[in-house]
Structure formats: structure tokens, C-alpha cells
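Colleague: Read off the chains here:
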Amino acid sequence: MVIEQQRADVFDGAALRADFPVFDRPHRSGKPLAFLDSAASAPKPRAVIDALSDAYGHHYANVHRGIYELSEDATARFEGARAAVARFIGAPSEREVVFVRNATEAINLVAYSWGRTNIRAGDLILSTEMEHHANLVPWQQLATETGATLEYVAITDDGRLDLDDLRRRLAREPKLLAINHVSNALGTINPVAEITQLAHDAGALVLLDAAQSVPHMPVSATELGIDFLALSGHKMLGPSGIGALWGRRALLEAMPPFMTGGSMISKVTLAGTTWAEVPLKFEAGTPAIAEAAGLAAAIGYLEGIGMAKVRAHERFLFERAWAALSDIGGVRLLGPASPDEHAAVISLVIDGIHPHDVATIFDGHGVAVRAGHHCAQPVMARYDLPATTRASFYVYNDLDDIERLTDAIHATQRLFGTA
Amino acid sequence: MVIEQQRADVFDGAALRADFPVFDRPHRSGKPLAFLDSAASAPKPRAVIDALSDAYGHHYANVHRGIYELSEDATARFEGARAAVARFIGAPSEREVVFVRNATEAINLVAYSWGRTNIRAGDLILSTEMEHHANLVPWQQLATETGATLEYVAITDDGRLDLDDLRRRLAREPKLLAINHVSNALGTINPVAEITQLAHDAGALVLLDAAQSVPHMPVSATELGIDFLALSGHKMLGPSGIGALWGRRALLEAMPPFMTGGSMISKVTLAGTTWAEVPLKFEAGTPAIAEAAGLAAAIGYLEGIGMAKVRAHERFLFERAWAALSDIGGVRLLGPASPDEHAAVISLVIDGIHPHDVATIFDGHGVAVRAGHHCAQPVMARYDLPATTRASFYVYNDLDDIERLTDAIHATQRLFGTA
Amino acid sequence: MDNLYRDFILEHYRDPHNKGVLDPHDLHFADSNPTCGDEMSMTLLLDGEKQRVADVAFDGRGCAISQASASILTDELRGMTLDELRALDPKEVIENLGVPIGPARLKCALLSYKVLQGAVIGAEARWPDEADVLAGGSAP
Amino acid sequence: MDNLYRDFILEHYRDPHNKGVLDPHDLHFADSNPTCGDEMSMTLLLDGEKQRVADVAFDGRGCAISQASASILTDELRGMTLDELRALDPKEVIENLGVPIGPARLKCALLSYKVLQGAVIGAEARWPDEADVLAGGSAP
Ligand SMILES: Cc1ncc(COP(=O)(O)O)c(C=O)c1O
Ligand SMILES: Cc1ncc(COP(=O)(O)O)c(C=O)c1O
Numbered sequence: 059m060v061i062e063q064q065r066a067d068v069f070d071g072a073a074l075r076a077d078f079p080v081f082d083r084p085h086r087s088g089k090p091l092a093f094l095d096s097a098a099s100a101p102k103p104r105a106v107i108d109a110l111s112d113a114y115g116h117h118y119a120n121v122h123r124g125i126y127e128l129s130e131d132a133t134a135r136f137e138g139a140r141a142a143v144a145r146f147i148g149a150p151s152e153r154e155v156v157f158v159r160n161a162t163e164a165i166n167l168v169a170y171s172w173g174r175t176n177i178r179a180g181d182l183i184l185s186t187e188m189e190h191h192a193n194l195v196p197w198q199q200l201a202t203e204t205g206a207t208l209e210y211v212a213i214t215d216d217g218r219l220d221l222d223d224l225r226r227r228l229a230r231e232p233k234l235l236a237i238n239h240v241s242n243a244l245g246t247i248n249p250v251a252e253i254t255q256l257a258h259d260a261g262a263l264v265l266l267d268a269a270q271s272v273p274h275m276p277v278s279a280t281e282l283g284i285d286f287l288a289l290s291g292h293k294m295l296g297p298s299g300i301g302a303l304w305g306r307r308a309l310l311e312a313m314p315p316f317m318t319g320g321s322m323i324s325k326v327t328l329a330g331t332t333w334a335e336v337p338l339k340f341e342a343g344t345p346a347i348a349e350a351a352g353l354a355a356a357i358g359y360l361e362g363i364g365m366a367k368v369r370a371h372e373r374f375l376f377e378r379a380w381a382a383l384s385d386i387g388g389v390r391l392l393g394p395a396s397p398d399e400h401a402a403v404i405s406l407v408i409d410g411i412h413p414h415d416v417a418t419i420f421d422g423h424g425v426a427v428r429a430g431h432h433c434a435q436p437v438m439a440r441y442d443l444p445a446t447t448r449a450s451f452y453v454y455n456d457l458d459d460i461e462r463l464t465d466a467i468h469a470t471q472r473l474f475g476t477a
Numbered sequence: 059m060v061i062e063q064q065r066a067d068v069f070d071g072a073a074l075r076a077d078f079p080v081f082d083r084p085h086r087s088g089k090p091l092a093f094l095d096s097a098a099s100a101p102k103p104r105a106v107i108d109a110l111s112d113a114y115g116h117h118y119a120n121v122h123r124g125i126y127e128l129s130e131d132a133t134a135r136f137e138g139a140r141a142a143v144a145r146f147i148g149a150p151s152e153r154e155v156v157f158v159r160n161a162t163e164a165i166n167l168v169a170y171s172w173g174r175t176n177i178r179a180g181d182l183i184l185s186t187e188m189e190h191h192a193n194l195v196p197w198q199q200l201a202t203e204t205g206a207t208l209e210y211v212a213i214t215d216d217g218r219l220d221l222d223d224l225r226r227r228l229a230r231e232p233k234l235l236a237i238n239h240v241s242n243a244l245g246t247i248n249p250v251a252e253i254t255q256l257a258h259d260a261g262a263l264v265l266l267d268a269a270q271s272v273p274h275m276p277v278s279a280t281e282l283g284i285d286f287l288a289l290s291g292h293k294m295l296g297p298s299g300i301g302a303l304w305g306r307r308a309l310l311e312a313m314p315p316f317m318t319g320g321s322m323i324s325k326v327t328l329a330g331t332t333w334a335e336v337p338l339k340f341e342a343g344t345p346a347i348a349e350a351a352g353l354a355a356a357i358g359y360l361e362g363i364g365m366a367k368v369r370a371h372e373r374f375l376f377e378r379a380w381a382a383l384s385d386i387g388g389v390r391l392l393g394p395a396s397p398d399e400h401a402a403v404i405s406l407v408i409d410g411i412h413p414h415d416v417a418t419i420f421d422g423h424g425v426a427v428r429a430g431h432h433c434a435q436p437v438m439a440r441y442d443l444p445a446t447t448r449a450s451f452y453v454y455n456d457l458d459d460i461e462r463l464t465d466a467i468h469a470t471q472r473l474f475g476t477a
Numbered sequence: 039m040d041n042l043y044r045d046f047i048l049e050h051y052r053d054p055h056n057k058g059v060l061d062p063h064d065l066h067f068a069d070s071n072p073t074c075g076d077e078m079s080m081t082l083l084l085d086g087e088k089q090r091v092a093d094v095a096f097d098g099r100g101c102a103i104s105q106a107s108a109s110i111l112t113d114e115l116r117g118m119t120l121d122e123l124r125a126l127d128p129k130e131v132i133e134n135l136g137v138p139i140g141p142a143r144l145k146c147a148l149l150s151y152k153v154l155q156g157a158v159i160g161a162e163a164r165w166p167d168e169a170d171v172l173a174g175g176s177a178p
Numbered sequence: 039m040d041n042l043y044r045d046f047i048l049e050h051y052r053d054p055h056n057k058g059v060l061d062p063h064d065l066h067f068a069d070s071n072p073t074c075g076d077e078m079s080m081t082l083l084l085d086g087e088k089q090r091v092a093d094v095a096f097d098g099r100g101c102a103i104s105q106a107s108a109s110i111l112t113d114e115l116r117g118m119t120l121d122e123l124r125a126l127d128p129k130e131v132i133e134n135l136g137v138p139i140g141p142a143r144l145k146c147a148l149l150s151y152k153v154l155q156g157a158v159i160g161a162e163a164r165w166p167d168e169a170d171v172l173a174g175g176s177a178p
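Chains as they are written, first to last, in our numbering: chain A, 59 to 477; chain B, 59 to 477; chain C, 39 to 178; chain D, 39 to 178.
FYI, nobody ran anything at the bench for these hints, they're computed from the structure. Ideal Cβ placement from N, Cα and C applies to all residues, glycine included. Possibly wrong hints are sitting among the right ones.
[As the list claims (entries may be wrong)] Rough simulated footprint, nothing fancy, chain D against chain B, three-plus residues with beta-carbon under 8 Å: (1) 418-430; (2) 434-446.
[Said to hold, decoys possible] Far from chain B by the CB rule (all over 10 Å, computed), these chain A residues: (3) Ala-98; (4) Arg-230; (5) Ser-278; (6) Arg-306; (7) Ala-312; (8) Ile-386; (9) Ala-417.
Use the sequences and the hints to build the structure in full.
Modeller: Written as C-alpha cells, this is what we have:
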């Protein structure tokens, strides 16, 4: 099947591939790489790789405590990266941005520090049926340890959050709603501003797992009105090993530290310890110094394109991909059909063929997709599926990738005799 | 002062500088960089920087869950790095190696997971007066939360662990002894094998903070007989954002997870969760993937030299530096004088001149040292010092750096009129 | 890898041998592959002396690799003693599959082996160590 | 930076003005610079109306920068009202030092300011925001 090449979007994704060395590497399929697994982790543009080399080669030293040129230089760049993150997510102040390893650690930090201080037996915490394990298991642990109750807001058959169910549960005055902005298993975009309003009216704080939204669309913590936000650098073209937690300053200041050690203290005696100010209070030990510079470079790369354009590009690809996939017999698609409610992350089921087989066969065609439960086993249980195949798109994808995807599906169906 | 150039060591540190781009960078002092702050964090050789570029450019994808070439490739390299760490620290199995951000997180992981499960009110935990805050504050927190008692083994006036005091305290049957191998504030090398024997005889587990030893000398967890070991990649020529916890398998298996989320689960339902096997159980979320490859490259670089030679080189530099510094009037040196008991980390006090001033003036001479409490405020309190100046050596240092150091001291004393 | 999907693998997948549940049976175990959600159970009937496998069946849903592996493995079990089952080498299970299995699909290929081990040891078995099983160099 | 250590800085360090403890005094505060362990206290004596600074002294150990900064700052305080003290701009404190202060030494240079703020607000003051203070471009 050939997808018509007329375009309604804003930039040429295929042209951007020149910025990403991974597309030059030979692949064992002998075919160019159609990379459709950015929701798991994104390739890195040369700008990020070079920023890392530069940071390690010429501006590297431990931060915060050194009275010499290199350390001052490294500190300024590290704090500059914090400011870049704050700007990128519309945070009022960079002092509210805590560097962590990944979104998972950001959420654990809140569950440990805020959770263990504020949640008591009998309290209610809300999560949803569509969450990544990172935004589920820490709350299960918190509930188990404190005797609180954890409930999950239901999702509809087409993968949207059930707002009626949300309202019902909010009426019981939960302390916290932990929800993702974009579901990595379904692609659903939640109406976060509206949800936050409802949650705040009910007296609940809102923690937003923005791991799948910040890389792909303009996100402003201030405009959304949320209280905490978690993100991972590696999903937004940045290095692995770095992510961020944003939280309202008053909340962060009232929270006890999570991990303890160097850098996060004010004064240590053998009898006891006082803490440094936010955000250092939450950054025990030597942080991911060069990785912060790499994350700033990734933000620079995305800002160079413009996040509104990134979103428009992905919206365009989503519409084309959804249409093309819907045309194939024996293929079922999960999540809402509307491009307003669905990011460029498509979970699909090919009748009679297990996703693990799909992914292996696709790999032979040079098409990289994810197969499995996408760290969202409750979503799989909700739709009674063992697993799905997921194709996710980013700036370097384009219509040719959709064609490669549909071709691979046809080939797989032929091999299994289900075409 | 000119230091005699006859050498008794094994390799030419100055020649290795060609491997480290930071020594090519122009510095505002206009002088070549005499880098004497490796104990805080080490510069990176080109081999590590290139390994990172290669990992990000050509072998990057999320690990463990991908059924396509890039992800298999990334996973194999990530697990290969785990095996390299295991080999480097003499661990019986790479399955006992948990990747973390840094030594601080390694210790916090044990304090949270092992500590919260095994320590009860009234229990005794031992640390020492010479620890880095990373190996003090987590135990203070644990003691506060559980009602356990935390005691500190005393140190002698010349900065050695007081073994009589250790024996006395061990007689009261502590559950754990948390001790560093090499003190970053004093340079002291502790006799860990002997200490571990004593601790085990008393029924205590031993957690070794090896952040300052693994980079600088052959270390074998098996030979030392310890139970846990913590290290940081950035101090051993590796990337920031990655470190490791090693623990005996039976201990790790009995411990509950620390952070929770993706990758570390076996099965998640809305009702509850079961955990993956060790070490994945402790690695929630996307790890520092490329940084693991960078750490393996750093290990490769160090193994290329040979850790016995690294130790011999640093021992040689320590002896020369100690002798040269001892000759300067108005300079006091901390820690034991014997090269068997003192790593190439020298804390010094220049009478009448504050370490902050020292470091600033040294910076003007192109000499990078650390000034402050070195995240070991109790050590400062023990010797009634507000701070010290610390010079620490590594593979790229050589006799010329000692000369630069002594020249800078003389210049500083002249400026302050204390010469 | 397309060459994983040889005709005989696809035939075992479409038409698995020994599929179903034995009733009565002497041994039963169910387990799953956490990375993909595949679930598999196995029932075994022993001979009069309770020494050797008289009959065996597996059940559950899964990918072509795990289904073909179970189909091929169960074909081999009749007449074997319990000790022989416990001593089964996971490497052989992979070799008997006759197609190159890489690390990403190893758990699919070994799910049947793991369920069988569970049945004979009466408890959940560990996944065999990847490095051990792939050491033979069958990785692509 | 050698040019931090101009003669007048070293003179203030060797021979600080207003060093000691006032007894009696109206206001007293002690604080420390956690990064280097420097400790400083300040005592202030007010005029009859308890409005203006009649006398001031600082005490404690520290580096040349923090000592010189305290010496220079305290020289300026006599006759100032409490409101004026509270409104003091940390940028001015840096400027009055007359040498280029970079981020690494900012806390040394501002310790006296922080202790003074503590004395007049009667509680531990925050460190001024680095970005605000250095915005003037006095960084080297
Ligand atoms: C002895 C010792 N332990 C622990 C640490 C903490 O290391 P990190 O900051 O990498 O966690 C350090 C670092 O200075 C150290 O010297
Ligand atoms: C929605 C969502 N939340 C959280 C995470 C966890 O991210 P990380 O593994 O980087 O911590 C992911 C990653 O897959 C995700 O998709």
C-alpha cells in the first residue's frame, strides 16, 4: 500500500533523520531503520551527543562545592540546565525543579517524602486504570505501608478516562490524584486542566506523570494548575540517567528529604542533621552532571523546532497512521480515535498473531516497534489482552514510516496465513 | 622548590594527560591545569567520552523489553557493563550488582530496604567518625525512624580508626557496621579485611563505602569478606549519573524493593504486585543505559593500566607529596603518615590562611584543589577545624603537580605575609 | 528474524501437539512470562510406579515461539523419569526448537521448560540464566 | 583569582574593624556558612529610641573574604535605622567589597550580610539568590 504523499503538516520528519546518527548505522535487516519505539526511549541527535562530549571533555568537575574554574563552570551549566527545564515545562521557578534519574524516581520521591508525611490510615489516594507501573506501584506501596486506600479511576472501552467515575471518586475527598498526561499503553491524552480543576475542588493534589507528554507537546505546569510533574530526559531526546521532578515550592519545602548524604545537608553533627534548601535538599550525592547539560541540549533542539510544531507534526502522522491501520483487515486499534485525545502512540492487535511474533518479524523488516504490556499490565487486563504491539512516532518519523509499518503488517499476516 | 625527578614508580602520569581532553582546554589562569581534586570527581579520558558517543549514537534504545536489534544490542551492552563492574570489584556474580546513580544512592538503598526491614528499636548500628555524609546521614535517619541507636567508632589523633574502640562497640552486638574503605577527608585507608572479620565475629554485617578505594586500588569484595559495597562511576573516570551497589545475593534476595515502577516487577494487578529477580528488583524505571557503557569503558581504561600499577603510582606520589609538604613551614597535614595507611588524598591546613582563600589563590595559579568540609563535617569537628584544603591524586598526576602544589602554597603564604 | 518462523514452527503454532488439560493428572503447574503476559499450564500423568511420564499436555495462550516450544518439548517427555525431567538442560530445549533464539525471545522459548520444572519441583522455578543458555552461540 | 586579594582586603582581614562582642547589646545573631564551616556572630547596640545603630561588632572565624566583608559592612552601619538595615541590598554589600566575587565565593562575601539580616529580623535569614546578586555582572 502506498500512502499518498500530500502533506498537511509543518516539517519534514525524514529530513531530520540526518541529525540522528542511529539512522546511519547499518542494521542487520539490511534495510533502513523505521524507528517506531520512541515512547520507550528516543534516539539522540548529534547536538545532544556533542553537548555530552563537550561537557565531559571541557566543562566537567563536581558541582556546587568547588572553588576553581572548572567546578564553577560545571556548576553554572548544571544550574543553567535546571533553568532550561523550568522554562520548558512552564514552572514558575527553577528552584522548584529537582533533578532525578527518571520519571520513576520523581514519582517515588513524592510517594516516599510527601506520601509518608501526609498520608494516614484511612486516607484515599486515586490513580487510574491507564497508568504506567511507575505511577501505580509506588502508590500501592504507600497504601500498603500507611493503611491508606488506593483506588483507580476507570477507563472507557475506547481508552478515555471515565470522568463520571472520576467525579464519583473525588467526592470521597482523596488526598492525591496521580495521573498520566498521555498514556504510553493507549496513547490517550487526558484533559489535565479540567481534571486538575475537579481534583482541586475536591481538595486533592494532582501529580502529573508527564513522561509521555513533555517530549511531544507544549506543556505548562502553571497553565495546567497541577502540583507535581514527573518527566524523563531519555524520552525527549536527552540522555539516560536524568529526569526531573517539579513541585510547587511550598510543597517541596514542607517535605522531608528522600535520600540523604552529601550536598543536601546544611549542617551535620554526630547528633543530627539539618537540610539544605529546595531543590538541593532532594539531590543527595553527586548528580548526573553532564547528563543535565545533555538534557539542556535536547530541550534546545526541541525548542529549535518548536513544541507546537512537534505536536502538529505528530498529530498529522497520527491521523495518517490511524487511517492507514484502520484499513487493514484483522487489525484492531486501541484508544480514542480523535486526534485531540490521542497522541502519536498507537497500540494495536493483529488477530491471531502474538505481539512478540509481530515485533520479531517487523525487526526483520527493519521496523522497530514495542511488543508487550508496556509496563501497564492493568491496561492489558482491562482489555483482556496478553500484550499489544505499539508504534510510536516522533520528530524524525514521517509518512514513509507509516508505509513501512503497514507493509510489515501485511507481510506478517501473509507469513502467518491470516492475510 | 624543584622536586628531584628520579622516579620509583611504574608509569608516567603526565604522559596520560594526553588521553584527557580537559588538559587541552585553555584555563583562565593561562597556566596548564594541575588537577588535584579527583577525590571529588575525576576527569574523563577520551575512551570514555567516545564510548558514550558510540553508545548514544549507534547502540541506544531502552533495555530489557525490546524485541528489535537496537534494544537487544543496548541490553547486551548494559548487562556487559554489569559483568565488568562485578569483575572489577571481585563480586562472585554480576547478578549481585545493582546499578544506581552514585554511592550515595547505593547506601540509601541499603538503609531503606535492608534497614527498614531488619533494624528495630533498641538495635545498634555502627558508623565511624571519619565517614562522608553519605555514610552517616542515611544511618541517622534510619536510627531516628526506627528507634535504633547509632554510634560512631572513634578515630585517633592521626586519623586512623581506633580499633580498640571498634572492639568495645562490637561487643555490644551491632547489626551493621557502615564504614569507608578510604576516607575522602583524611585519606586514611582502613584495614577492611581485619575489621570485617571482627564485625562478623560480633554478628554484624559490613557495608563498605568504597567510593574512594575502588577507583584507586585493587578491591575484591570476596577477599575483603564484606556484605555490601557502594561505589560511584564518576570518581573512577566514568560518567556521572551511574554507580553501583554490590550485595551478597542472599541479602539482596531477602530485601524488599526500594523504588518501584517499571522493569522491577514480575506481575502488577490493581490489587498488588510481585517483584522481579535481583538485581532488576532494585532498578525501577529506565536506568542510565549509555552511562553503564561509559562506566565499562572507564573500567577498561583502568584495567588497561592495571589497578596494582595505579596503586603503586599513587603510593609513590603520596610519599613524595607528603615529604614535600612536610618540609613547608606553617603547613600541617592530616591523617596517618604511613603510605600503607594513607591513599593519595592529602588534607592540609596552612596556618593563618583559610582553605577557601587557599583554593581561590591556587585557582589563579592553575592548581585545582578542594577547600571545605569535604562532606565530612564530623571529621572537621573532631580536629576543631572549620575546613581543610585537600589535594588528591590520580593516574594523570605526576611529580610536576606536586611542584605546582608546593609552589602555590609558597605563593599563598607570601601573599598573606605568613611565609 | 524471519528465519525463526520456519514452516514447522508455524505448523506447531497452528496445530500444537499435546494441547489441553489431562484429567486426572499427577502433576500440574502454571506460570507466566511476565514480559509478555503469556500464560501456560502443564499437566502430567505418571505411570503406575509414579516414576515415568505416561502422558502430558500443556495449555494456555502465547506467541508462536512459546507454543511451538511447548508442542515440541511435550512430544519428548513420555517415558522419561522425574529425575530425567529435573535434569533437563534448557540448552537442549532451545536446540530442539531448531531455530536461532536470541536473548529477546529466550523467555518465550523457555516458558514451557520453566512450567515443566515448576511441575516436577512443585514450586515456581527460576528462569535459567540467559548467559548459560545462550553460551552455545545460538544467538543470531 | 589573585585580584580578589587586593591589599585593602588583606588589611581588613589582618586588622578587622569592629571585631569583638558588644556587651551590653540590643541585637545578637550567629550564623554559619555551611559549605566551609565559617561561623560569625554580630552584636548591635541601638540608640536611645531603639531606632538607629549606635554601635556594632562582629566576631568569629573565617576566610579573608568573609572577614573583610564583615569589617567593611560593619563600618557602614552606625547611624542607620533598622528599616534601612532590613532594606540593605546584598548587591551593594558585594559592590562595597570592591573586588570581583564569583559564585564560588559569594557565600563567603555575604555571610556578614546574612548574619546582620538574622539580627534584625530575629530569625535565620535566607541566603540571597545567587542569580540576583551576580546579575550585576560582577562575576569574574
Ligand atoms: C568516601 C565517600 N563516600 C561517598 C561519597 C559520595 O559519592 P557520590 O556523591 O558520588 O554519591 C563520596 C564522594 O565524595 C566519598 O568520598
Ligand atoms: C507514562 C509513563 N510514565 C512513566 C514512565 C517511566 O519512565 P522511566 O522509565 O524513564 O522512569 C514511562 C516510561 O515508559 C511512561 O511511559
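Colleague: Of the hints stated earlier, which fail here?
Modeller: 3, 9
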